[in-house]
Each structure stands twice: as structure tokens, then as C-alpha cells.
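Asks: Residue-level listing of the chains:
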Amino acid sequence: MADTPVQKGKGSSIFSLESHGRDDLRYNGKKLTDPINTVEDKWRLVPAFLQTKGLVKQHLDSFNYFIETDIKKIIEANKEVRSDFDPEFKLEVKVPMGEDLRARTSYQLTPHACRLRDMTYAGAIEVDIKYNKGKQGFIKRNIEIGKMPIMLKSSKCVLHEKSPDEIAALGECPLDPGGYFIIRGTEKVILIQEQLSKNRIIVEPDRTGFISANVTSSTHEKKSKTGVVYGKAGKIFLKHNSLNAEIPICIVLKALGVESDREIAELVCGSNMEYLELFSPALEECSSMKIFTQKQALDFIGAKVRVTQRGSRVGIKPNWGDEARALLADTVLAHVPVELDSQGVENFRPKAIYVALMVRRTIQAVRDGGITDDRDFVGNKRLELAGQLLSLLFEDLFKNWTLQIKRAIDQQLKKPNRTSQYDASTAVSATSKFITDGLFRAISSGNWNVKRFKMERAGVTQVLSRLSYVSALGMLTRISSQFEKTRKVSGPRALQTSQWGMLCPSDTPEGEACGLIKNLALMTHITTDSDDKALQRLVYMLGVEDINLISGTDLYSDKETFLVFLNGVILGVHRQAEKFVNDIRRLRRIGKVDPFVSVYRTVSQRTINISSDGGRVCRPLIIVNKGVPLFDENDLKDLVHGIKKFDDFVITGKIEYLDTNEETDSDIAIYEKDVVYHPPNFPGIDFNDVPNTTHLEIAPFTLLGAVAGLIPYPHHNQSPRNTYQCAMGKQAIGAIAYNQLNRIDTLLYLMVYPHHPMVRTRTIELIGYDKLPAGQNATVAVMSYSGYDIEDALVLNKASVDRGFGRCVVMRKFSTMIKSYANQTYDRLADAQKGDDGIPITKHAALEDDGIAGVGIRIASGNVLINKQSPMETSQRPPGSAVGSSDPSAIPFRNTPVTYKYPGEAVVDQVVMTTNEEDQTMIKCLIRQTRRPELGDKFSSRHGQKGVCGIIVNQEDMPFAENGVTPDVIMNPHGFPSRMTVGKMIELLSGKAGVLDGNVQYGTAFGGSKVEDMSKILIENGYSYCGKDVLTSGITGEMLQAYIFFGPIYYQKLKHMVMDKMHARSRGPRATLTRQPTEGRSRDGGLRVGEMERDCLIGHGTSSLLIERLLFSSDAYDVECCSKCGLIGAYHGYCTFCESRESVVSVKMPYACKLLFQELMSMNIVPRVEVATLE
Amino acid sequence: MTDLMKSRVVLGAHNVSHVSSSDFPHNYDGDLAWDIEKFKKNFKVVVGSLNEMDMEFDLIGIDAAIANAFRRILIAEVPTMAIESIFFHDNNSVLFDEVLAHRIGLVPLNADPRLFEFRQWDDTPTDLNTIVFRLEVKCTTNPKALPDEVDPKQKYINSNVYSKDLIWQPKGAQEEVFADKPIKPVHDDILLAKLRPGQSIVMDLHAQKGIGKEHAKWSPVATASYRLLPDIQILKPITGDDAIKFQKCFPKGTIEIEKGQAYVANPRKDTASRECLRHKEFEDKVRLTRVRDHFIFSIESTGALTPDALFESAAQVLIDKCKNMKQALNDMGLPATYDE
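Sequence lines, in order, name chains A and B.
According to full-length UniProt numbering, the residues represented by the first sequence are 1 to 1175, in order.
According to full-length UniProt numbering, the residues represented by the second sequence are 1 to 340, in order.
Incorrect hints may appear among the rest.
Unchecked claim - As a list, the in silico DSBU-like pairs of lysine-lysine whose alpha-carbon atoms are at most 30 Å apart: (1) K213/B to K1061/A; (2) K194/B to K162/A; (3) K938/A to K213/B; (4) K248/B to K1010/A; (5) K1016/A to K252/B; (6) K155/B to K184/B; (7) K280/B to K1016/A; (8) K155/B to K771/A; (9) K1028/A to K280/B; (10) K1028/A to K248/B.
As the list claims (entries may be wrong) - Here are some chain A residues pointing at chain B (derived, C-beta under 8 Å): (11) L741; (12) D802; (13) G804; (14) V809; (15) V907; (16) R928; (17) G1022; (18) Y1023; (19) Y1025; (20) T1036; (21) E1038; (22) M1039; (23) L1040; (24) Q1041; (25) A1042.
Since the hints were derived computationally from the structure, they do not count as laboratory data.
All residues carry an ideal CB built from backbone N, CA and C; glycine is no exception.
Please work from the sequences and hints to get the whole structure.
Replies: What follows is the structure, encoded as C-alpha cells:
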């Protein structure tokens, strides 16, 4: 059984690689034949889940939906192009059947080739075009209308459903999660965008403190925001941005066809007198305004319609009533459909009920003393992914493109006498760059501009960080919030209880974006849009009474009558809410309804919400029926043996996905022991008090994300420490990908000997961190040593460093283009310039005959890597302007070399010469530096405990244990009390036990190896139970008086290294304008004596030092200045103003001061200098 | 001052006490002053085990400073030969030149360092200061391999480069001098690099004499260390079930039980786990101590020299240091107050 290969997964293929060799690790050393314990082993669903979905399933699902379904819908909806001039003309764009976006590339473009050659990984969007030429109809097939960037590992990618071997053969890393794009050679991620959910009523206080119910409506055509405000003295208004005044709510309702006040009251209040009392001022207001009929109301509203809406129809006397009618039908609450009935009259009934409901919700909130909805609740959020964002962009581009084609065709067709029939397909091919450029530009710049929705977002995409494997992974699960960073509100930043299991509680940056940038948890799934037509039919069949048939009294009369919503739209009411909800759930579990449809009741509002829209966060849970989890021992066996996959359990209704909203309507047990069940009519127990368990958590550790999952024993740490580690784990140097040596990145850090951690977590294995690790297991002694370990500094063992501890490789890319210019000139490469002795000059020492540095040659700062020369003249000379020769070969060249300008010796690692899409030659040089740790290099454990190397100590000076072991790292114990990183101590203990035992131990969150067991192993091996050893000083040779906590801890080397930062200068370059020293290390700048340093010098009274620092060592300048007139600018001792040489003196002042005087003079302000002799 | 403190280090439940030696002149009444005759009488070396690579012996009646000096010298100052310069002719393996060079540098060589001289950076290499090796490996596909072979070792020839591939190139008189013990890496099976067809490594390597202080590759020992002889003192008899529990607190063989009473059979086997101090029933019944001047010294050689030869070398280095010191003191015009 063990030999049967597990079937290939869809998104990621890590696990198929796994199934052979790694059963030992995957199943914690258990053989397949070993007994299986459901309670302990149900976590195995997690790898099964990730196997079918991959690590970045959200991105892939979203993009696949876009490329397979949505893009076709968009094209279908906008397929027709007609001409204003020829009514006969019609051009139709059709999606070819079985169309494959990438089928028609002439050769197989691989993602890795795109990276190396700075190309875009994109496929052609091909359509069929049907049009007529005169009376004749034509069809052209497979016309390319643009290129679509392809997400890696999506269904259109060459890597899709490939085995690890095949992926490796394509030059790709099998562990790479995919989910990003390659645009012009750079890897770009479209970050997940967090937004407030659309089409849902949210009740909250507005800016002035009044309670209001707001809805952001969103359809394909329109986006608008509508609000109902419970204002002063109980007056209720409708607010909308296309209305320039607030409209009393009853007028709106009357305009929507509810003319009788009684009916209005019934729709809003039902028979509740309390509500009626709160609502009566609004009713009175309306009647006091003498508006009674629908027509009156419409006219009233029409007069308030914002002028810009009518701008186009200046001069025509507006029919205000029609204006208002159109506005109410299309713009206000745009998502509530207004259908025309058989007579062609709008049916406003659903919208009227919707408005009434909004009013009811505000009144309810007012009655309850201001209890409003929480907009930070995760259920009120929607996550927008690559697919949705691309769909927005593509729709806009496609619409504009058809418009462009229309214009081009119109231009041709309006010509009265054409010699030949116009062929419209030329217009199509002529504009093919439009869509391509639009898409490429948006993804590479991150500026998402959709004019239709007035959407202007910047920073939507980011360059995929390849600092380490986890940093890339962390980026793909990142969620960025639309919320402003500058505003000082804590709500959106705070940890929400509803984030449980959906968003990682630890992984967020510190500082300004704290809490606004979040990360997905391990098992989160984000839904894609799905069709709700079928669902709508089903809902009616299950006994929902159509909203059009319901009167106001029926709506709220009965306690058991619930309003039924589908994606925010009222469908009707149901009189047996619980049964109805259970029916839908049952249908979902047997697979008749999409598994990602959620349904939940809100008892306080008496509503049932059914959602099938995209962007909801959800996660899988085990269903519990009558106190028994449906996923049992046999299922687990089937799973382990590969007979069943994760999706099989979803189909068979043992596991289901719950979104955050449905979670509020469920009772989820964390462990099996927590499952509660009371049979109905159980004596003595009231049902409503003790809810029965409905679901069981799969594994509690999945509530953390991929990055926080690396931390061993995170549940023993102080929480900010885990957050710090999440930030630091991304800076750790390690292995990046299996193809890391074939990559040419601008900056690449690699570790020479990375270890997989002694203390692992399940997450580490699931994400493949054990195969691409970033750190080393260091033997750590927690003790004070030498005084060079204060403030978290670490003491390193020199012998360990000699033997390869913390060794890393830094690779840098230097590249240039060999361009050809309009005047037939082109860049060229020159060989080394030779000195008199025939030996190349030092600068050119690394060059080979082709003018490029040779692979393997050592280079120092200042060496030329690519000896490029460019022509002095590159523009096309106009013919006839015969100054000089027009012969391109006579144009002189100047040197434009690429020079290595970093401190320290390095080696040329690789040279690539290739061409990009535009056929321009490009040369890339990869430079490599191998570094051993030095004083000041930064290290960190996995518990947010960073420190720099304070001293490197000889092995013989290090303390040694009974068996002669010396530590690699000595850490000061002062790091523990205030940080409270107990997890680190347990890691040491488990690591030590693992070393002695010859096993890896587990530090999985809310589980892992127990301290008690670890102590037992230590004792069995002759060590103290507490991990403290007897150490002898290496310096005195005597035993240390304290027992030392001693054992392995996984240490990460962080990218911050002294070599890249150290900087000093005595003299050097100065800025041209001010003549002050330049700023910054890259410009060999000076170190600024700033304001505080200046204050310090003043305080010390060291005025000579002050004047030296600020004047003589900076920009001292001798200014000739006339002591009589006080003007500067005397020339050679002659004051041009006084026309005399008498009183010109030389004054030393900062050049910047002189500059200021001159600039003041240039704007007619006279600065005069009064000169006196120094006493 | 108790007798205990004079000669024993005490391992408490939470700390180690009486760590420092007290045999220093003028600390106590007369009799503890250091005396060469007394030292000669008390000093003992007992070799416990000795083979090519490892040695364990007891140094008895010596100060921690001296024992430590030997340890430190063994780690850092006894010279060995190690590869220092590598001349790459070809390396298209996945390992970078620097990394491969670093790996090869750490390979221990069996050359006797005493037969070589130190080489300064500007010295020309001679047969007295340099050993030359050559590494020339090319990986090819194995024509005899089965078509569905997956094991790289079978599928390819030379897929792994081992230390045995370092071929000694005798220069000058080296061939004669090392006739009976040709120079080669101590271990044949140290993996240096992995190759795939088309990849090859060709290099010349020069080994030089050096000391561990400069780089760990010249350290002649994997580790050299010592521990003090444990002395478990049972203060009150431990009997019955307690005795069995007590026995289990120590590694096997440390404590034996006779007639229901625990006694210390072999204190050497104790590993300072202090497990017995955790249990209430042994409170005041046991005292864990160490004999302060009894060092159980262990040397794990890397294989260039036998451990006993290493210790000799270390002693020689120490003697040379003392001589140096004495000379320096003489040069300062101060009287040297002690003899060698």
C-alpha cells in the first residue's frame, strides 16, 4: 500500500514528492499499519487539504475562475460593436470554443526563461470575430486581441498539474507555491485586498453621531452608497451621493409606490408599538410637507437630483418625476433588482421593502441604545484577489477597446466614397497592444485605475520578496487593507475574535501598518463568485414566500417568520426558519448545493442570509452529528492509505466549509472531548441554554499562518514575541528554492549549510520549510560571558565559525542592455585597455576578450564587469543637416561601463547574454561573495530574540561540558526574564532530547512534544532533567559555579550584515550646489553632526569644535565682502557697489550661507553683512 | 575549613560550590603550600584507554590551571597539516569554489606535522613545508547501468567525490620520508562534493602546517577535554525500594545494591545528572562531589597523530612556552624564581 503513489495534487506538488520518501516524517514515525487514533491524528486532514489545494490555493482558485469563466462572461457581455454611420454594420467578438489561452505560442515559454530574459509570462487572448463587409458576413478565427499575464501554477500555466520531476525539468522549483505573475522578468504578486462587504446593510453611527444604516451597492454596471439616517428629533432621511439633499424617508417610500402611511408603518414597524413611536416623527414630517402621492414624491426627489447627473441635457426641460424614477430604479440601492412588469412599469416593491428594512434596522439600533454592527467583524469583510482585480481591469480595458475599434471603424465608414469595402479586422489587429499594455502596466506598476468605478488604487502589486522561502510564502498570504494608515483609530487594527482560524493572529508588521496588513491562516479558503440563479429557484422551492406577495403585516407578525436574503437581496420570508436553514445545509452536505454557499440565521434581526458571493473567508470543519464527529477512524485510515482525498470527505458531507458568518451560527468544539450533545427533550435542560456542538476543529494549530507556524511552542511565548519572529523569519538567510543557483536576482542571500530545525512543527513540514530551511541548529549556552554580550549580543565560537556556522553567500546582479539606435549606431563591448607594459589596467583586470568579466574571476571594488561603449550621437540626423559626417561608423564612442562598486572582494558567478521580447541584447553578470559571520552580524532565534555578534571567542576559551562539547553560541540570560519566551527554553529542552534520542521533536502550536517526556529522555541519557549542565570554564579550567542551560536552539542569520553597513569617511565628495559633504553610504557621504549633536557641543561649551565641525570640516568659503555697504560679491578686492577697494574684507562663512545671500539678492532682498574685528 | 573543601568540588541541587583549588601558598596553614617534592610524590598519570583515535587517562594530583593548559594547547596550539591553498583548474559542480575549498580544508590529513616546517606567506613552497595533492574527478554516465536505475551511485560514475580522491603528489624527498606511511586523508569516505554527468573538478591542492588558533582545520583534536572524578558520598544508608530508586538515578553500573543497601560501585560512570538531588527521600543522605585534582582527561584525535603523541606535543609546546617566558623574564632583568 505504501508504494502506491499518491495522486498528483492540483496546485502544489510538494506532497506527491513527499509520499514516497517522507512517510516517516509526515506521519510522525508511524507506519501505515500502526494503529490510528482519531483524536490524535485528525490533523492529517491538514496535509490532505493542502495537497488538493496547494499553499496559495486562494490566488490560484481566483485566477482560474477569472481565466476560465469570468473572462468569457465579460467578452460575452460586451461582444457587439456597431457603427454610428452604417446601421448595417455589426462586429461580434466571440470566445472560441474550448479556447486555450496559451495554446498558440510558437514555442513553450517557461516561467524561468521569462525571469532570466526579462520577459512577461503571458498567453494570448484569442477570439473569433464575426463582422460584415457590405452585405457579406465574415468570420475570422483565433484573432489575438491582447496578452494576458498568466499566474504561475494556474490552470493555464505550463506548470499546471505537472509532477515535481517535470517541474524541475522546466527549471522551476517544485516547492515554489506559484500564485504570482512574471512581468518583464520581475515576479509580481497581486496582494489580497481587504474590503467592506458589498450589498449588505451595516448599521453604525455616522460622523455626526446619528445612527445610520448604510449599503454599498455593487453590480457590474454601478457602484453606489446609500444610507438611511435616524436624524434629529426622530426624522429619518435617505442619503445618496447622487442626491444633493437628504430626502425624508417617507417621501422615498412613497416614491417607491407605498403611498399609504399605514402601509409604510407596517413595512417598517410591523405591529410593534415601540418601533412605531420612534418612527412617527418621520411619518409626521412627510405629511407636514404635504406629499401624499407617488407623483408628488417623485417630483420632490427629482428636484434634488444632483446637477452633474443631468449635465448632458441642458436646455431640455427636465421631467423631474422621470428623472427620480430612473434614479430610484438604477442608482439608489443598485443591487436590488427592479424588474419591469407586463405593462412596462417598474416594480419597486422589493426596493421599498429593502428601504423599509433599513429604516427598521436603524430604529432597532436606536431602541437598543445604539448597539450597532461591527464593521471590523471578519464576516463583514470581503477579500479581493488577483482574479477579481484582473476582472475589473480587463472589463474596463475591453470596453474601452471595443470603443476604440468603434471609433476606428466609424472613421472609415463615415468617408462617403470608399474605393474598396472596409475590412474591419484591420482595426482589431491594429489595436491589439491596447489590452496588453493596460494589463502589463497595471501589474508592473501596481496602479489599478478603473474609471467606471472611480477606482484609483496604488500599490496593489508588489515585487515578490525572494529573501527566503518563507518571505515569498508570507507575501502570497498577505492581506492589505484599504484602510488609511495615517488615521489614528484602533478598531481596524485590533485583533478580532472572528479572525480565529481565518487570519493569523501573530503575523502582522509592527509600526504604521500594524494590524492593517494581515496574513491568512493555514486552512483559509476564499470563495469565488458563483451563480445564484439556481440557488434562488431552490430557495423558493424550499418554501420561501415571494417578497412581492407579502404585505407589511406578514413580514414581522410572527416570531418564526424570517426574512430570507440571497447575497444581500431580499427574496421573501420563510415561516420555519430552522427547518429551512437545516434543509439548505443538508442539501449542501450531499453536494446538491455548492459547498461554499453559506447560510445563517440572525435571530435578533429575524433574518436568514444565504451567501454565494466571492471573497468570503471560510475554512473546513468536521461536522458533528448528535455529538459524534462524522469523520471517524475508518475515514482517517482511508485518508492515510490514499484511498480517499480531502474533497471526498466534503462531497460525502463529513467535512464542510463555514464562512465567518455561518461560524457565528454554529458551535465549534476545539477538541473531541469538548463536544457537547443533549438529546432533544432531555429532562432538565433548556435547549437554548446549552447549544449542541455542530462542528469540530480539524487541528487547532491551523489558526496560525504559514509564517507563524515556524515558531516552536508559540503558545508558551509572550504574544508580541511571535509577532516579532514573523517579521524576522522573513529576513532569515537560507535556501530559497531548488533552482536558486539558476536564478539571477538583483540581490540574493543564501546560506552555505542550512539545517532543518531539531524542533519542528507540523506547519514546517506542511509548507516544506524543512526542505528549504533558513537557519542552523546552534548549541547554545545560556550564560554570561566576557561582557561583550550585553544588550542581547551573542558570543560566537570561532571554531564553529571556522567550520561553517553562519556562513552565507551574497549574490548581486549587474546588467546592461546593448541597444541599437535610430541612426544605425549601436552600443559595443570593448576589450580591456592595456597599460604600457601590455598588461590590462587594474580597472579592467577582470575583463576577458569579449569585454565581459570572466566567470570565476575575483573582482575588487572599482573593477569593470561589462566594458560597454555607447555612441556619442544616437538620434537620427535630419537629412540635409550635413554638419559633420552622417556616416554612422564615424560617430565616436564614449565609455559606459558597468562597474562593481561594493566593498569587499567578490567572484563573478555567472554571465548571461540573452535577448528580450524586443530583441534587444542584454548582459547580466552575477557577482558572488561568500561571507563568514563577523562582529556585528545579526542573528535571531525563532522567538523574536534578535542579537548581534558581540565577540568571536576561540574554542579553547569557551566553557565546555562534561563530554567536551563547547557551545557555538553563548546567549546572555538577561534575554529571558523580560521577554518571557518560555517557548525558546522548551525548544532547547526538546532539541536536546531530540539530539540525545536521535529524533526530531515537535513544537507544534497547542501540542508538540511534552516537557515531561523531554525531561525523561534527558534523565535516561544521564543529563539533568532541567537541561542544565555542569560546565567548566575554558579560561580558568575550573568548574563554573552555576549550572548552565545548555542545548541546541535553531538560530537564523538575518540579512543585516556589518559589511553592507559599515561606513566612515575623512574626506570625500561634496554636493555641487551647497558644497557640503554628500549624504549616505552609497555616495561615500559624511556623518552628519545634527541638531542634537550641535546642542550637545553647545552645552559643553566647545565652541571651537563646533565651528570646526560646522564650518571648516564642511563648506567653509572665503567671501569678499564690503564692510561699508555690507554687500557680498566684491571682485578681487574691488566693491562694484561702492566702486572702491577701500573696505573690502574677506569673511569666512559656510558656502550655503553665501548661497542664501545670493538667492535673496536674486529676489530683490538685500542681505548686508556687518563686519567687525574679532576682539 | 573542612577537609571536604580542600579536595572536593560539591555539586549542589542548584549550584556548584568549592570550585577553586586551594593549594595555593599562604592560603592556609603551611602544609598546603606548593612543594615540588610533594607534587612529584602525588602526581600520577593513569592511562585508561588508548587507541589510534581516542585516549582517556587520569591526571591525578595536578592543578586545574595545568590540566586546562594542556587542553587549551591541544585544541589550539599543537600543529597539524591541512590544505590551505587550492588552485582550481576546473569546477563546474554545484558547489562554489570557496565553499568547496572550505570543505576540503577541513579534511584531516595523516601527515606527521613534526616532519614539516611552518611556511610563512612569502616562503616558496618546498618539500619541507608543503604537501601537494591533486584532485581530478569527472562524472560520466555509467554505460552498464540499467535504464531504469534511480540510484545516482549506480547510474553515474564518480557521482560522489570523496576524500580518497585527493591524490598525494610526492615532491622532493617526501616519497622516501613517507615511504612506509604514504600521505593521504585520514578518512577515505568524507564526501566532498556531488557531481552529475558533464561536471568535473580538477584542482591542485597545497597543504601547510598550522595551528588551531588560526583556523579550526589545524586543530589536531575533535575535542580535548577533561572532567573531574565524581565522588558520590552516601551519608546515611539508603535501603529497600529507595535503594532501587537511587540506583536508577545514576547511569547503569554507578550504584549497586548489596543486601538491600545501595553503595557506590563505580563513581566514574556518573554524568552529573544530579537526578538524586531532586528526590525528597535522598535529602541529607547523599552528597555529590568531585575530586578537585583528579582529571579524567580525554583526547579525541582527528587522526593526524595518535592521541598520546598529541599529548606529548602539547607538553612540548608548554615546555617551550615556559622556556620562552623564563627567557623573557631574564631579559627583563628579573630573577627567575623557579626551575623547570
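Asks: Going through the numbered hints above, which ones does this structure break? Give me the numbers in ascending order.
Replies: none
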